[in-house]
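Build the full structure now, drawing on both the sequences and the hints.
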Amino acid sequence: MPVKAISNYSFESRSRAELYGDDQLVNVWWVNAPMMCAAACFRAPREMAWSDFLAAMVYPWASSDPGFEASRASSWQVDGVGFSPDPSATLASLGVRHKSLVSFKS
Amino acid sequence: MAKLSMKERYAALTRDLDWDFDYVDSKEVFPYTTFEGIKIHDWSKWEDPFRLTVDSYFKYQAEKDRRLYAVLDSFAQSQGHLSLHEARYLNAMKLFLQGVTPLEYAAHRHFAFLARFLDSGGPRFAALCQSIDELRHAQTEIHTLSNYNKYYSGFHSWPKMHDRVWYLSVPKSFFDDAISSGPFEFLTAISFSFEYLLTNLLFVPFMSGASFNGDLPTMTFGFSAQSDESRHMTLGLESIRFLLEQDPDNVPIVQGWIDKWFWRSYRVTALVAGMMDYMLPRKVMSWKEAFELYFEEQMMGSLFKDLAYYGIRPPAHVGDAIAEKEHLSHQVYWTLYSFSFAAAFTTTVPDPAELEWLSQTYPESFDKLYRPRWERAAEITEGGGRFFFQGLPQLCQVCQIPMLFTEPGDPTTICQRHSNFNGENFDFCSDGCKSIFDKEPEKYIQAWLPVHQIFQGNCGGPSVPEVLDWYGIQEGDNAEYLGSKDNLNWLSWHDDSAK
Amino acid sequence: MTSLSSEASRAKVRVDLQDNDETAILVAAIRKDNPEVVVTHLPGIVKVTSPTELVIRRESVEAASGKTWDPNEFQLQLVTYYGHFSTWDEDEILISWPKH
Chain A
1 MPVKAISNYS
11 FESRSRAELY
21 GDDQLVNVWW
31 VNAPMMCAAA
41 CFRAPREMAW
51 SDFLAAMVYP
61 WASSDPGFEA
71 SRASSWQVDG
81 VGFSPDPSAT
91 LASLGVRHKS
101 LVSFKS
Chain B
1001 MAKLSMKERY
1011 AALTRDLDWD
1021 FDYVDSKEVF
1031 PYTTFEGIKI
1041 HDWSKWEDPF
1051 RLTVDSYFKY
1061 QAEKDRRLYA
1071 VLDSFAQSQG
1081 HLSLHEARYL
1091 NAMKLFLQGV
1101 TPLEYAAHRH
1111 FAFLARFLDS
1121 GGPRFAALCQ
1131 SIDELRHAQT
1141 EIHTLSNYNK
1151 YYSGFHSWPK
1161 MHDRVWYLSV
1171 PKSFFDDAIS
1181 SGPFEFLTAI
1191 SFSFEYLLTN
1201 LLFVPFMSGA
1211 SFNGDLPTMT
1221 FGFSAQSDES
1231 RHMTLGLESI
1241 RFLLEQDPDN
1251 VPIVQGWIDK
1261 WFWRSYRVTA
1271 LVAGMMDYML
1281 PRKVMSWKEA
1291 FELYFEEQMM
1301 GSLFKDLAYY
1311 GIRPPAHVGD
1321 AIAEKEHLSH
1331 QVYWTLYSFS
1341 FAAAFTTTVP
1351 DPAELEWLSQ
1361 TYPESFDKLY
1371 RPRWERAAEI
1381 TEGGGRFFFQ
1391 GLPQLCQVCQ
1401 IPMLFTEPGD
1411 PTTICQRHSN
1421 FNGENFDFCS
1431 DGCKSIFDKE
1441 PEKYIQAWLP
1451 VHQIFQGNCG
1461 GPSVPEVLDW
1471 YGIQEGDNAE
1481 YLGSKDNLNW
1491 LSWHDDSAK
Chain C
2001 MTSLSSEASR
2011 AKVRVDLQDN
2021 DETAILVAAI
2031 RKDNPEVVVT
2041 HLPGIVKVTS
2051 PTELVIRRES
2061 VEAASGKTWD
2071 PNEFQLQLVT
2081 YYGHFSTWDE
2091 DEILISWPKH
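Here the protein sequences come in this chain order: A, B and C.
Residue numbering for the first sequence follows the working numbering, starting at 1 and increasing by one per position.
Residue numbering for the second sequence follows the working numbering, starting at 1001 and increasing by one per position.
Residue numbering for the third sequence follows the working numbering, starting at 2001 and increasing by one per position.
To be clear, the hints were calculated from the coordinates, so they are not data collected in a lab.
If you want a taste of the chain B side facing chain C, the calculated C-beta under 8 angstroms gives, among others:
1. Ser1005
2. Met1006
3. Lys1007
4. Pro1049
5. Phe1050
6. Tyr1060
7. Val1204
8. Met1219
9. Phe1223
10. Gln1226
11. Ser1227
12. Val1284
13. Gln1298
14. Ser1302
15. Lys1305
C-beta: ideal position from N, C-alpha, C; glycine also.
Right, here's the structure in full:
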């Protein structure tokens, strides 16, 4: 249903992919962590290797909870579909897209 | 001179001073009251139970201001800021000044717009009075709380913060959403859904909480504003009735707005829930009790039974709101605690007496789900640390609150909803917010989401200190309460007085 | 006063008033004219709840206070309400749900 408006109503998304250049936003959700009130949002290069993404962004964030152990992170999913990422593969090649939701349990 | 009755005075002094335009088409004078699809056949049917006239309006408003300023003066003269129950109480007032006062000003502006652009003298005058009321509220709130700005952190720079800071984008975007709607949707949004349905949840516990925590000026401005609020609630209810009675085609349009704006308003009150249960050191009533009294009993119990006569049903997703009452305040305040390094207020682990109160007030949820988090947070603090969420959160595209709410029926799993529009993914905290987006995606894709804006480089820089500087947050405004500037000042002031 | 339908009689009305001397006078007058009301307190606030409807009569308030009273002055004590102002004129204020 279009917006009822006094004139033509057409605007661009304020978070569209092109605003981030070679990067994209990635949401990361530690599913069973009651200390983490919400999923986190990161800006990461599309061509970033999975292992770099974990080491530079996901693990430092998850370490907000001193009980976090990287070795126990498992059940990885991207947008609700399970996957076993090759550490050297890039986010783009793994199907992680702009504003995708990556989740794990531990 | 024969004295006119109130009814005659209203007819003569408010309605009778209106005129019709014979030299120009009325559509040119009132261009905004048709595009929403609302059909009005007879504007004279608009009722104002208060029958306001200019002279009585100003007489009573002047009296309200006179009473308030007498209290403010005596408070300042008697060093009233020292008589608070505890300095940390003021965190609730910081949130109020940053989040609510700018909405009063925005309401002033938009009711001034309605006072020009509604087609008939009766509703225009009611809108004019409300516009002046809202300006008075903004001014009296600023004036009242400015006294604390002399002694406490976090009371400065609030207009800038309102425009920029992440948690304040919640109330700001809510009001911007309403202002950018048509006039009838705005009335349904603000006057009915926010003021009639939910404003009691915001104001009454605030004022009673102020009273209970030794904050006389806030209690007084609250009462002073709230006496106007009764008129605003009436405007909300009367405008709904008027729209519903004017044409049956208005009913589904109004229902859609009630569905949307109940949920939008309810999500804004989530901040109030956290404030009530955690920021007030002395508790008046819990969020759950206030919600049961002011929403479930009063609105669901009576109002919607009455509106059923017109074919209106309770708002969509109201069941989710009711089911959430055991959890809302705990989830919200835990989030504020986790992010208070980036807030213009401080947070702390509830003290043992508060934990006990929370446990007794929320027997279904607190000990099982929320107390363990506070125990972990306390352990981390005892070890010399402080638990913070060291990153930025995923935000809801509609309400802009971090996606902290849990699945209906499963309080251990965060609720994740998504929609795709023009090939782009959008995230939502709830079915309520998702359905609002899905009906008007063109509107909500424009959301200025604070987290995304930081990542786009629009908020002062990529690092936390750069963003805080851009927010206007200074040392002492944010993070942990214990050991903060306010806490240390409070202890030293009270230590001196004991000597 | 019109008789109440069973539907309407289930619908309560309420006013929340500032807890002060003027309210004490109002509450005395309200109790006289509305024997069924229940009065409760929160810090700073007096809540007056009626199981049906609630009327505030100028004559009763004036009798309780010994001075003239304009029903508009009620605005100075009113914190919030729940229901519908069915009447607000120079002699009385009636809060009730409409009877359709």
